[in-house]
Every structure is written in structure tokens, then in C-alpha cells.
Amino acid sequence: MLLDANALPQDARLHADICIVGAGAAGIAMALSLADSGLDVIVLEAGGQEPEPRTQALYEGTVEDAALHSPLDRYRQRELGGSTTIWGGRCMPLDPIDFEARPYISGSGWPIGAEDLAPYYPAANAWCEAGDYAYTIAEAFAGPRRPMLDGFDESHFSTHTLERFSCPTNFGGRYLQRLRAAPDLRVVLHANVTRLELDEAGEAIRHVEFKTLDGKIFVVSADSVVLAAGGLEVVRLLLNSPGRTGRGLGNAHDVVGRYYMCHLAGTIGNLVLAPPHRAWHGYDVADDGTYCRRRLALRPGVQREQGIGNFVARLHHPRITDPAHGTAILSLLFLARAFVPYEYAKRLHGDERVTMGAWLRHGVNVLRGAPSVVGFLWHWLRDRTLAARKFPSIIVYPRTERYSLDFHAEQEPNRDSRVSLGASVDELGMRRLHVDWHYTRQDVATVQKSLALLAADVRGSGIGEFDYDPGEVEREMTRYGAYGGHHIGTARMGDDPRTSVVDRNCRVHEVRNLYVAGAAVFPTSSQANPTLTLVALALRLARHLQVRHAGGEPADPGSPA
Amino acid sequence: MKTRVLILGATGYVGRRLAAALHASDWAEPVAATRRKPVVGGDIETVFCEATDTVSLTQAAAGVDALVNCVAGSADTMVATARAMAEVQASRSRPLRIVHFSSMAVYGDAVGKVDEDHPFASLPAQSYGGAKIQAEALLADVLQVGILRPGCIYGAGSPQWTERIVRLLRARRLGDLGPAGDGCSNLVHVDDVVAAATAVLQRGADGAFNLAMAGAPSWNVYFMRLARAMGAVPVRRMTARRLKLEGKVLAPPLKILEIAGGKAGLRGLPPVISPALLRLWQQDIRLDVRRAEQVLGMQWTTLEAGLAESLASRSGQSEEARN
Numbered sequence: 001m002l003l004d005a006n007a008l009p010q011d012a013r014l015h016a017d018i019c020i021v022g023a024g025a026a027g028i029a030m031a032l033s034l035a036d037s038g039l040d041v042i043v044l045e046a047g048g049q050e051p052e053p054r055t056q057a058l059y060e061g062t063v064e065d066a067a068l069h070s071p072l073d074r075y076r077q078r079e080l081g082g083s084t085t086i087w088g089g090r091c092m093p094l095d096p097i098d099f100e101a102r103p104y105i106s107g108s109g110w111p112i113g114a115e116d117l118a119p120y121y122p123a124a125n126a127w128c129e130a131g132d133y134a135y136t137i138a139e140a141f142a143g144p145r146r147p148m149l150d151g152f153d154e155s156h157f158s159t160h161t162l163e164r165f166s167c168p169t170n171f172g173g174r175y176l177q178r179l180r181a182a183p184d185l186r187v188v189l190h191a192n193v194t195r196l197e198l199d200e201a202g203e204a205i206r207h208v209e210f211k212t213l214d215g216k217i218f219v220v221s222a223d224s225v226v227l228a229a230g231g232l233e234v235v236r237l238l239l240n241s242p243g244r245t246g247r248g249l250g251n252a253h254d255v256v257g258r259y260y261m262c263h264l265a266g267t268i269g270n271l272v273l274a275p276p277h278r279a280w281h282g283y284d285v286a287d288d289g290t291y292c293r294r295r296l297a298l299r300p301g302v303q304r305e306q307g308i309g310n311f312v313a314r315l316h317h318p319r320i321t322d323p324a325h326g327t328a329i330l331s332l333l334f335l336a337r338a339f340v341p342y343e344y345a346k347r348l349h350g351d352e353r354v355t356m357g358a359w360l361r362h363g364v365n366v367l368r369g370a371p372s373v374v375g376f377l378w379h380w381l382r383d384r385t386l387a388a389r390k391f392p393s394i395i396v397y398p399r400t401e402r403y404s405l406d407f408h409a410e411q412e413p414n415r416d417s418r419v420s421l422g423a424s425v426d427e428l429g430m431r432r433l434h435v436d437w438h439y440t441r442q443d444v445a446t447v448q449k450s451l452a453l454l455a456a457d458v459r460g461s462g463i464g465e466f467d468y469d470p471g472e473v474e475r476e477m478t479r480y481g482a483y484g485g486h487h488i489g490t491a492r493m494g495d496d497p498r499t500s501v502v503d504r505n506c507r508v509h510e511v512r513n514l515y516v517a518g519a520a521v522f523p524t525s526s527q528a529n530p531t532l533t534l535v536a537l538a539l540r541l542a543r544h545l546q547v548r549h550a551g552g553e554p555a556d557p558g559s560p561a
Numbered sequence: 001m002k003t004r005v006l007i008l009g010a011t012g013y014v015g016r017r018l019a020a021a022l023h024a025s026d027w028a029e030p031v032a033a034t035r036r037k038p039v040v041g042g043d044i045e046t047v048f049c050e051a052t053d054t055v056s057l058t059q060a061a062a063g064v065d066a067l068v069n070c071v072a073g074s075a076d077t078m079v080a081t082a083r084a085m086a087e088v089q090a091s092r093s094r095p096l097r098i099v100h101f102s103s104m105a106v107y108g109d110a111v112g113k114v115d116e117d118h119p120f121a122s123l124p125a126q127s128y129g130g131a132k133i134q135a136e137a138l139l140a141d142v143l144q145v146g147i148l149r150p151g152c153i154y155g156a157g158s159p160q161w162t163e164r165i166v167r168l169l170r171a172r173r174l175g176d177l178g179p180a181g182d183g184c185s186n187l188v189h190v191d192d193v194v195a196a197a198t199a200v201l202q203r204g205a206d207g208a209f210n211l212a213m214a215g216a217p218s219w220n221v222y223f224m225r226l227a228r229a230m231g232a233v234p235v236r237r238m239t240a241r242r243l244k245l246e247g248k249v250l251a252p253p254l255k256i257l258e259i260a261g262g263k264a265g266l267r268g269l270p271p272v273i274s275p276a277l278l279r280l281w282q283q284d285i286r287l288d289v290r291r292a293e294q295v296l297g298m299q300w301t302t303l304e305a306g307l308a309e310s311l312a313s314r315s316g317q318s319e320e321a322r323n
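Which chain is which? The protein sequence lines are S and C, in order.
As numbered in this note's numbering, residues 1 to 561 make up the first sequence, in order.
As numbered in this note's numbering, residues 1 to 323 make up the second sequence, in order.
Because the hints were derived from the structure by calculation, they are not lab data.
In this text the structure is predicted, and so the values were computed from the model without any measurement.
Think of the CB as a built atom: it goes at the ideal place given N, C-alpha and C, for glycine as much as any other residue.
There's no promise every hint is true.
Unchecked claim - Subject to a maximum C-alpha distance of 20 Å in a straight line, what follows is the list of computed EDC-like cross-link-like pairs (lysine to aspartate or glutamate):
id	chain 1	residue 1	chain 2	residue 2
1	S	K449	S	E427
2	C	K248	C	E258
3	S	K449	S	D73
4	C	K263	C	E293
5	C	K113	S	D40
6	C	K113	S	D153
7	C	K113	C	E293
8	C	K113	S	D36
What the hints assert, rightly or not - Far from chain C by the CB rule (all over 12 Å, computed), these chain S residues:
id	residue
9	A7
10	P9
11	A101
12	A138
13	T169
14	Q306
Turn these sequences into a full structure, and let the hints steer you where they fit.
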């Protein structure tokens, strides 16, 4: 059932078997997968069913370098559904190599392997509504498909893996009815968790304190507590409670908030294919209706050989800000950028000053290509605006085979890249966050070496040329700072409490009954967008808790079907 | 000596399948009750019978050992048939073994796990569910009655849950319904329904039995699997807006067309997606079928096998030609 903290009686004392903090992708998938377990679950959600400015403002914080990290109340939403209310929906599992300890990536190596997560990925895929769990072109499609890059020598980069797109599913809206109907489940809205109180022995959470914006204070006692509030907020929740050491909960060894990773992304260069070679950079629609897209994925053997992190690249349209592309739709996007949501508009703004002449040339592009603009707008209205399963992104089919390259690369764990408590306090008395994000030389090398390999492979295959300025790589990968919305590694998983916050079961090392669900527990960042994997980990945690509470054999890992 | 089984509603979907199964068995001899010319086909014995009329039913049942009521129709017909059955049974010196087809509709808008002891819903007397409740009530104190409460019966030729859905999927009027298709389908394959009726006849089981495949999929999963099996791909995700349009705008004229077309003998009219259907697809009622498993020994056809059977002989004509 759905409750509102504002409407709880003043003296309400809540108890549950499991208390989950945060109703986003992880929290909702966990709560619903526990629905038939017989366990009593309470989910505390800070927001309501709609975005509320005063609640969202609780997310505000400070960043060390505004050029390198977006403001902290962006790319995450404090409302039912969490950041799935704004996500893009890109899904893909981690690669087996991501779990390995790699000598060339400092702090790499998960305490669990790909095989531990494998049983949970299909269900996670279903919760995300990304169709079949099939992430290669051969698994996802019965017949042969047109090649992504005709004639390309794939010895370093493969083109057969896929990314699949969620609707994108807003977990809050999609599963609202089920949250309401599930037996033994209470979702409390407008419940801002402010403190995690330890028992006298300092070994377990005695209760979770939460407040409403009107100042009402309640507590929930629960046998197990799961923090599923996102990779930034989990740091705030842990550090705002003193814990046994007084350094913050779970922070005996000063690891909470450290090793903060996002991804390194950018758009670079010009890929020009020589006729008759052609590329396919659009979406393939699977039988289940899911949009799938191929990408150039750096093979694991090559990563080891080169000593670099994981890397993928997609073929992309030429840089929008430069009117020289001559494409009406791209110029239209540039001119309309004020209407594109912040989280998606960043790349429409170059850091160069746009001259009057450039504005004019964009205008001329639009006028010249008016028919294609009409066609595009119709496609966008039908397949995006009005569709329930939305066309994921703008695909422009160039007249000549000309593309830029959109890359997305792993960022290595770095102790100095850090989320900590800042000096200011929010209206509920919680100290706000301060983010000091850093990347390393190794991160630059991952992108540098990958691009160089790719350029050599394009040339070596005789299909054309990939031209880019190696001197521009670092500037390009940090042009918009850390990739927004991927908040990874701040409560990392590991066997050693000196270098990790949670154990292999996502339990905070120093607290017997406190768990973390979300990308915060990833020890390394992979090339993959984190949502699918964090849902899989949350389902694994749900099963673990089921076993722990019941002592018996749990039911099948929860699938939304 | 074979058990002679009178089948009421033998020209309907389940009745025909049951008659064929009994005819093929070594222990039973079906007798198809019909109000018109024999249309069951083959060499199945038929007898004229007005099932709502006690005298007519008494005569038809004179030489049989058992009776299966598969009659579907108006509420009045279903209630009157049950009343006639009760009266016939009361007047016999050697009582019949009776199988009565009820429906999960008796549970109304209940949600969650529902077993046979779940109270009946309170429904209008003229509604389908209301009539099924009255019929069960009339048979409550009758001897030797096994009542079957199937969920949604699918299989080759099933008008409601295979044929209609196939046409809607082909027309892209159905697909993945999102939150509007999260309800449990409670699908049960027609072969399992026939097997359950047969088990009641052979084992002499009394009382009510829910029938639905164990772990029945959600409607979304059923639509997705069926669409893919029949090649209506890619499967569309339907918007809430579109479904509202179906229920509120398209359904009334299509219903009128269906009624008028039915009288004029027209076939192949576009199916109606009624507001009631839309509600059903969201209703998360899950039939508890443990009693049918334990008492009748039911084993359920898997969805995969059921879909293969559903599509193997796809059109209604070929189904009739086979019989």
C-alpha cells in the first residue's frame, strides 16, 4: 500500500522485517520481488508521486570543479521512481572482464564474478522492460542483419554486442499499481531519512529515523535495512550518522564516498567511409519490440594486451554545434536546444562562442532541408512523443557515409575521487554533499589507445578513414565533465574492510543488518550503463535477505512477469 | 459396458472437444444434446434436448449414467439449465454423475490468491458471473456434482482467448499493455479442461475445482508469447491512451456492429475490447489450483505446448473439418 508520512499519526511506530530506503529502480525491484515472500517490507521514499521543488532542493550540494561535475540536484530525482523518471533507458550487462582483478586498473576486481550475477540479469532485464535477455546480434535476431560496419576488421573491436533500450520505464509509474496492491508492503512517501541509529553494542541498526518537510519525526525499526537511495545519497546517509567510530557509519577505514566513478564519454573525430562501404548506426527492432543498437566494443583480450580499461563506441552524427554538417535536423536541434531537457541538452552546447553567422547558417540548413525536417518531426512525434516504447535517440542518416564517434569508457577507481560531507546543511539538518571528482592518466590512456587502435583498424580494413586529433582527446572526454547520472563506487564491494564498504552480499562490513543496493557497490565502473546491473544486484540482495530471514529455500528470484 | 455421458452444450467449444475425447476413449460413450440438427459431426450419438426444460432433459438423460453441462448462453438459459439439472437429479432413482461448468467469474473482482472456498462476489443477476453464481447455488445440495471453475480457456479454435486475441494481435490492437496487462491470465488449456471433466467423471469427485495452469503468466506475457509464436512482430507497446480509446470510443460502436452483424450472419467483424476486458487484464486474481491437482490429479499443459497446439491448426474452419 501507499502511505504518506505527512498523514501518519504523530506517535506512529513502524516495524518491518526489511526497511528499504529509496523507491528507485533498485528499491522498487527489491520490494516487489519480495512481495510473495511473506516478509513485511517498508520502503521509505523521500519524494512524492510528482517532482517537488522543495524536496528536490534537498539534493543540492557543492562541487569542487563545476566544469567537471554537474550540480548535485541534476541527473537524480528525489521522487517515487527515483532517477528512472528521467533516465534514457540504455541497458547492457557488465562484461566478464569487468569483474576481474586487472593489474593495470588500480583497485579492480570484484569479490563476485559474472556467474554470480548471471541468474539475476534476465529478471532485471524484465523489470527494466528491455525485452529478451539477449545481448548479441545472433541471440537477439533470428536472421542476418545488415553489418554495422561493412568490411571492418573486427580483431580488436567487435560489432556483434548490443545495447537494448528500456521504454524507458519509469519504475514509479509502471509499477505503481503493484506497489499499491502487494501484500505486506508499505511504501511511505515524503519520508526523508535523516539518521541511522545503532544499538548499544554498536553492531546493528536499531532504527531508521525519518522526517517530513513539516518537521514530523518518525522511526522505523527493521531486522534488515537496505540503502537504495543512489550512489551519491548513500554517502550522505552513511556519513550523516556517526557510527561506532564517530567517522560516519561504515566509515571506520575512510572508504565511504571514495573511489567515486562516473564514465568518460565524448564525441570525437570524423569517420568517412570509402564507397561502396557502408555503415548502419541506427536501431534494430527486436521481435519483442525493443530497440537494439550495435556498437564497437573493445575486445577483452585487447584490453589486457594494451593494459587499458573497457571501452565502447557508437557511430554518431557529426558535431551539432558546427553548421558545416549541412544537415537540417541537426541544425534544428541546435536552434531548439533551449527546449531540450537539461540532462540531454549538454551536448548541444559547445564551449565555443556561437557567432551570428553560425546561427544564420544553422537557419539556412533548416530551410534548405525543410522536407527532411517535416519527415523527422513526424517520426519523432509518432515514435517518441506519442509512443509508449520510445525511439531512444535521434538518428540522422547522412547523405554521404560520414560520422563522428561517440565513446563511452570505463573510469578506474581512484581513492582521491571523492564524495564527502560539505559545510552547508539542508532544511532537515542534514549536511549536504561535496563532490570532488577526478580522473586519472590511465583513464585518458584508455580512450587514447582505443581511438588510435580504431583509426588503425579502419585504415587497415581499407574501408575509409577515421580522423581525429589525438591532442584533443583529453579535452573532449572532459568537455562536459563526468558523465551525468552514473554515480558509481562510493560504497564499494570487497572482502577487505580497509578498501571496501560492503561485503560480497552488499552488507556494510561493520554493521550486522545494514545493506546497500545500487551502483555505489560496484568496485569498478565497466563501459556499461549501470542501471541493469544495479537492478540485478538488488534482486540478488533480495534473495539473500529472503534466505537470511527465512532460513529456508527462497522462491524464484522475482521477475515482474 | 461404457459409461454413457450426456453433454449439454455439445456444440460449443469445450463441449465439442469433450465429446471428441470421450468418443475416442475406451470407457465412455458421449451423447451430444442438441436443440437443432446434429452438428457435432462424426459418428457421435446425438439426442434432441431443450436443456432448460426439465421434461426434455429428463427424457434425454433417461439412458445415460452421467451428465456434463457445458451450456453457455444468456443468464436466464444458464440458470434455467442448472434448475432443470437439479430437478432431473432429484427425480431419478439412480442419480447421475454430474459435471457442471462454472467459471472464475464467480469470484468477481477479487485479487490475490483465490481458492475454492473464497466467497462468491455479489454480482447483478443478469451478468455472466451472477448467472454462474445462481447456477452453482441451485446445484449446491444436489448429489454427485463436481463443479469446474476454469480461468480463461485457450487452445486451437478457442473463440475468446485464442481466436479473438490472435485477431487483435494481428491488427496490432494488442501487444505489450504495460501496467494494463499485469493481471494474471489464469489461462488453462482446453485439453486440461477436458482432462479435468474426465477426471471428475472417472473419479466421482464432488465439490468445486479451480482450473488454471500452475504459475499462469500475466496477460502481457501471454500476448507477447502468442504474438511472437504467430509472427505478429515486432510486438507493440500499447499506450494507456490507445487502450482508453479502445474501451471508451471504439468499443460501443463495435459492440453494436457485432450484435447487428451476428444477426445478419456476418463473420470476421473486428473484435471488441470492452471496458470489462480491460479491467480483467489488470485484475491480479490468481486461482489456487492445488485442489484440482490433488483430487483430480491435474497436470497442466505448459504455455509453450499450449501455444504450439493453439497455432498448429489455426483457422476455425480446419477445426470443424477435423471433427
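Hint-by-hint comparison with the structure:
About 47 Å separates the Cα atoms of K449 (chain S) and E427 (chain S), which puts this hinted pair outside 20 Å; it is violated. As the CA atoms of K248 (chain C) and E258 (chain C) are separated by approximately 16 Å, the hinted pair is consistent with the 20 Å bound. Of the pairs offered as hints, the one joining K449 (chain S) and D73 (chain S) is violated, with about 34 Å between alpha carbons and a cut-off of 20 Å exceeded. Simply put, K263 (chain C) and E293 (chain C) have alpha-carbon atoms about 42 Å apart, too far for the 20 Å limit, and the pair is violated.
A threshold of 20 Å between alpha carbons decides the hint, and for K113 (chain C) with D40 (chain S) the separation of about 18 Å falls inside it, so the pair holds. For the proposed pair K113 (chain C) and D153 (chain S), the alpha carbon gap of about 56 Å is over 20 Å, so the pair is violated. A C-alpha spacing of about 16 Å is found between K113 (chain C) and E293 (chain C), which places the hinted pair at or below 20 Å, so the restraint holds. With a C-alpha separation of about 11 Å, the suggested pairing of K113 (chain C) with D36 (chain S) holds against the 20 Å cut-off.
Distance check on A7 (chain S): its Cβ is at least 24 Å (rounded) from any Cβ of chain C, clearing the 12 Å threshold; non-interface status holds. A cut-off of 12 Å between C-beta atoms confirms that P9 (chain S) is not in contact with chain C; the least separation is 27 Å. A cut-off of 12 Å between C-beta atoms confirms that A101 (chain S) is not in contact with chain C; the least separation is 40 Å. Look at A138 (chain S): its CB is around 17 Å from the nearest CB on chain C, clear of 12 Å, so calling it non-interface holds up.
Not every CB of chain C lies more than 12 Å from the CB of T169 (chain S), the least distance being 9 Å, so the non-interface label is violated. With a least CB separation of 39 Å from chain C, Q306 (chain S) remains clear of the 12 Å interface cut-off, as annotated.
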